[in-house]
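Visitor: Listed below are the residues making up each chain.
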Amino acid sequence: MADRYEWWAAEQVDRLLSRVLAGRRPDVRPNDAIEHPAILTGVQLAGARHAYPRMSPAFRRRLGDALEAAARPPSPRPMTRRGALVAGASAALGAVTGAALERVVGLGLPIPPAAAPTSGPAPGLAGAPAAAGQPAAGVLEPAPAYQQWVDTGLVFGEMIEGEPVDVAAGAIRAFVVREGDHIRAVSAYCTHLPCKLSVRVAPAGFGCPCHGVEFDPLGNPISPPYPVAPLPAVRTRINGGRVEVLGTLTAG
Amino acid sequence: MGVEPQPESRLLHLPPAGTATEVALNELELVYAWIYARVGNRADAEDLTQQVALKAIPRLKAGAAAAAIRSYLFATARSALAAFWATRFGLPEEELRDDLWVEELGPELSGSPVAVARVQGILDQLPKNYALLLELRFLRGYSLKEVAAELRTTVGGAKVMQLRALRAAARVAHDG
Chain R
17 MADRYEWWAA
27 EQVDRLLSRV
37 LAGRRPDVRP
47 NDAIEHPAIL
57 TGVQLAGARH
67 AYPRMSPAFR
77 RRLGDALEAA
87 ARPPSPRPMT
97 RRGALVAGAS
107 AALGAVTGAA
117 LERVVGLGLP
127 IPPAAAPTSG
137 PAPGLAGAPA
147 AAGQPAAGVL
157 EPAPAYQQWV
167 DTGLVFGEMI
177 EGEPVDVAAG
187 AIRAFVVREG
197 DHIRAVSAYC
207 THLPCKLSVR
217 VAPAGFGCPC
227 HGVEFDPLGN
237 PISPPYPVAP
247 LPAVRTRING
257 GRVEVLGTLT
267 AG
Chain U
-11 MGVEPQPESR
-1 LLHLPPAGTA
9 TEVALNELEL
19 VYAWIYARVG
29 NRADAEDLTQ
39 QVALKAIPRL
49 KAGAAAAAIR
59 SYLFATARSA
69 LAAFWATRFG
79 LPEEELRDDL
89 WVEELGPELS
99 GSPVAVARVQ
109 GILDQLPKNY
119 ALLLELRFLR
129 GYSLKEVAAE
139 LRTTVGGAKV
149 MQLRALRAAA
159 RVAHDG
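These protein sequence lines map, in sequence, to chains R and U. Each residue of the first sequence is one higher than the last, beginning at 17 in the numbering used here. Each residue of the second sequence is one higher than the last, beginning at -11 in the numbering used here.
Keep in mind that the hints were calculated from the coordinates and are not lab data. What you are looking at is a predicted structure, and each value in this text was computed from that prediction instead of being measured. Every residue, glycine too, gets a C-beta built ideally from N, C-alpha and C. Warning: the hint list may mix true and false statements.
What follows is a list of derived Cβ distance ranges for each label pair [to be verified]:
no., chain 1, residue 1, chain 2, residue 2, range
1, R, Ser239, U, Leu48, 51 to 61 Å
2, R, Gly196, U, Thr7, 47 to 57 Å
3, R, Gln164, U, Ala55, 37 to 47 Å
4, U, Arg140, R, Trp23, 15 to 25 Å
5, R, Glu84, U, Gly129, 47 to 57 Å
6, R, Val217, U, Ala53, 23 to 33 Å
7, R, Arg216, U, Gln113, 43 to 53 Å
8, R, Val217, U, Val143, 23 to 33 Å
9, U, Val143, R, Asp182, 23 to 33 Å
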């Protein structure tokens, strides 16, 4: 006889897998993690029902264009006044698009609504006072039910000034940087699509492998070809000399 | 009852590759099929394939052997897939690897014959009613109402049985 939890879990799992069987993305969230073996098995069974899935012609064309664009050396494009205004306004809105929006939803964060540009953090994200010289970009903060402070393994006193370190805290990935007696962290995922950023040495900053967007060490996009939001900050602290990041719960 | 793997002659028929881009796209078709078998939907498969393509292709050295190229693409795909699910579930990648069917034998094959054969192997090890439910629901496209009617149970009962069957299948898959 099923208990109350099992009835609830059965509903949740069926809801997710019904979407996959209807050809849609599953709406997986961190609170589905406890049944992840069943969910993963379900999506893989669903994936096996098409004997030889092929890329659609439209996707194949788009991918071919993207590969050819990636192979060409970058050339500076003159920015029109209209283009500069659009890029600036969108960056100020903290626009969150496409799969990046799904990641925000998946972490239990409220979805930032479209709003007029403000001088503060993007609406819907936890606000953080902007440091001098640093534009407000919002703070990536998991919902209270899923958050926990995670020891990154870094000892503050041993960190090299200004050198970003890639850390993981559950679903949160961040670059942590020591600045004098302070510690700072930004999200390690591109705000265009959730591609994992890599550290750039010269010039210093972060780069996206998917579409070539680059960010400065503060997380601001550098001359992006389309509107891209700055990297949100990630909460970090020093606890007993060790660096912790506010991440998400892990099972077990 | 059973899932028939496709014969070799009906494997992916890809257009003849002329340009370097076409060569890359033909390799990526195999990656796409492999990823699709593990995410179950076109949108996620396209996103992940694009990630793999833009990350791996620019890093390939000119003149690299075909086998090396394919291995590198599939290594990138395995990494991308693990990160994809880890982000969504909020779990470390290590905890998910055993559930992802990221078997090492995959690279030289399109994903689907391996996936289809693997599904058959898993179903064969399950109790009859679990195997029947999973085949009807996931491989033959029955709605849950139709599955419930076939198994002479309620829709709610079928959902609970579905969850238990998937857990059992996951254990079988994990134990190899």
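Visitor: Next, verify each hint and record whether it holds.
Guide: Verification of the hints:
| no. | hint | result |
| --- | --- | --- |
| 1 | Ser239(R) / Leu48(U): 51 to 61 Å | violated, 27 Å |
| 2 | Gly196(R) / Thr7(U): 47 to 57 Å | holds, 52 Å |
| 3 | Gln164(R) / Ala55(U): 37 to 47 Å | holds, 44 Å |
| 4 | Arg140(U) / Trp23(R): 15 to 25 Å | holds, 19 Å |
| 5 | Glu84(R) / Gly129(U): 47 to 57 Å | violated, 38 Å |
| 6 | Val217(R) / Ala53(U): 23 to 33 Å | holds, 31 Å |
| 7 | Arg216(R) / Gln113(U): 43 to 53 Å | holds, 49 Å |
| 8 | Val217(R) / Val143(U): 23 to 33 Å | violated, 58 Å |
| 9 | Val143(U) / Asp182(R): 23 to 33 Å | violated, 46 Å |
When held up to the earlier numbered hints, the structure conflicts with 1, 5, 8 and 9 and fits the remainder.
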